[in-house]
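Trainee: Spelled out from the first residue to the last, the chains are:
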Amino acid sequence: MAKIKVYSTPTCPYCRLAKNFLKEKGVDFEDVDVSVDRKAAEEMIQKSGQMGVPQIEINEKIIVGFDKGAIERELGK
Amino acid sequence: MYDLIIVGAGPAGITAAVYSARKKMKTLVITKNIGGYASLSSTVENYIGYQFISGLELVKKFEEHLKSFDIEIKENTEVLCVRKLNNHLRVETDKGEYECLTAIVATGREPRILGVPGEIKFRNRGVTYCATCDAPLFAGKDVAVIGGGNSAMDAAIQLMSIANKIYLINIDDDLAGDEVMIEKIKKSDKVEILNNAKTKEISGNKFVNNIKIQVNKSAERILDVQGVFIEIGSMPVKGPGCGVNTNEKDEIIVNQRCETDIPGLFAAGDVTDVPEKQIIVAAGQGAIASLSAFKYISKNIFDA
Numbered sequence: 001m002a003k004i005k006v007y008s009t010p011t012c013p014y015c016r017l018a019k020n021f022l023k024e025k026g027v028d029f030e031d032v033d034v035s036v037d038r039k040a041a042e043e044m045i046q047k048s049g050q051m052g053v054p055q056i057e058i059n060e061k062i063i064v065g066f067d068k069g070a071i072e073r074e075l076g077k
Numbered sequence: 001m002y003d004l005i006i007v008g009a010g011p012a013g014i015t016a017a018v019y020s021a022r023k024k025m026k027t028l029v030i031t032k033n034i035g036g037y038a039s040l041s042s043t044v045e046n047y048i049g050y051q052f053i054s055g056l057e058l059v060k061k062f063e064e065h066l067k068s069f070d071i072e073i074k075e076n077t078e079v080l081c082v083r084k085l086n087n088h089l090r091v092e093t094d095k096g097e098y099e100c101l102t103a104i105v106a107t108g109r110e111p112r113i114l115g116v117p118g119e120i121k122f123r124n125r126g127v128t129y130c131a132t133c134d135a136p137l138f139a140g141k142d143v144a145v146i147g148g149g150n151s152a153m154d155a156a157i158q159l160m161s162i163a164n165k166i167y168l169i170n171i172d173d174d175l176a177g178d179e180v181m182i183e184k185i186k187k188s189d190k191v192e193i194l195n196n197a198k199t200k201e202i203s204g205n206k207f208v209n210n211i212k213i214q215v216n217k218s219a220e221r222i223l224d225v226q227g228v229f230i231e232i233g234s235m236p237v238k239g240p241g242c243g244v245n246t247n248e249k250d251e252i253i254v255n256q257r258c259e260t261d262i263p264g265l266f267a268a269g270d271v272t273d274v275p276e277k278q279i280i281v282a283a284g285q286g287a288i289a290s291l292s293a294f295k296y297i298s299k300n301i302f303d304a
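Protein sequences, first through last, are from chains A and B. Position 52 of the first sequence, counted from 1, bears residue number 52 in the working numbering, the numbering being contiguous throughout. Position 63 of the second sequence, counted from 1, bears residue number 63 in the working numbering, the numbering being contiguous throughout.
Hints are computed from structural coordinates only; laboratory data are not their basis. Keep in mind the model is a prediction, meaning the values are calculated, not measured. The C-beta atom is built at its ideal place from N, Cα and C for all residues, glycine as well. Watch out, some of these pointers could steer you wrong.
[As the list claims (entries may be wrong)] Chain A regions said to be covered by chain B (calculated; three or more residues, Cβ under 8 Å):
{"no.": "1", "region": "5 to 12"}
{"no.": "2", "region": "15 to 28"}
{"no.": "3", "region": "40 to 52"}
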């Protein structure tokens, strides 16, 4: 099973869409709230070089934004 | 050959699809995502039948309704152009081409871009169009909000409790919007309002470092900021209706039957020049467009 992390903020609709999508797929993920966890926010920005949520980390690959196709491709690997 | 191809799956596109399914038209829905802008509304209190529902939940209901029919849907697909051929249309996408007798453009709207150097390069590297999403990432930083309307003020207000300093870069003489918000902004010692200010450039290295602005006709000024929130309204996603007649706001011109100037091509919802951009209006137009497409096919004989 792939290790999945979702970097999100509570107010962001795309984050909710992404998390709902993963739930529907029945995959487990760790939800990291970068609005409270500043260290995680820095880590996310360092890893991807991008400042925007959601970012979904699957098998150490980071997908920026809610991109269903990219998530499915990465899950399918 | 499809009877109907619907481009976009927001309230207009989904309603059009439900109507065409009930008319047994061979239908294909091509869309980037399901729900569109509507799913971003935090609460919807004026869609009949629901006194109070979130945009996300309402879209979920739309999607369930859509998927209760056997309709072919291609998601994650961008339509580049709907082209008129002799007596049918060709829908060109980033993943292939499809032919149809009729098509409905229901692509809605997207955040308006500023169009200055650096904007695209630094997107998600300090430049953002979603304050609700990304504001928390700018804790303790200096930021600029571009815009002077309600959405810009809303972004500035959200940032008050997060950022260190907020420049509100407004191209007009004064802020325009709800008095309550204007008052809140003017009272805050964190917000500096710059009226008659034009944003010229966004610069940085890996991330945004500063923006160049010009107030009135005075010399250009550099503001050191790490974040740029662009909140200058929305624009129609009219790309697929290439060559179709639009008004001065780039909205596709439709008549009461949701017909465009191209025979067989219809448009519905926020991408059109319909006077009110509302979920329920978009849904209503979706229904009209679908029924118009059905009538168009019934009236015309094709050698498909």
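Trainee: Give a verdict on every hint.
Mentor: To see whether the hints hold, each was checked on the structure:
1. 5 to 12: Held - the region 5 to 12 of chain A has 3 residues with a Cβ nearer than 8 Å to chain B, which meets the minimum of three.
2. 15 to 28: holds (count 4)
3. 40 to 52: Since 6 is at least three, the answer is holds.
Consistency with the previously given hints is maintained throughout, with no hint failing.
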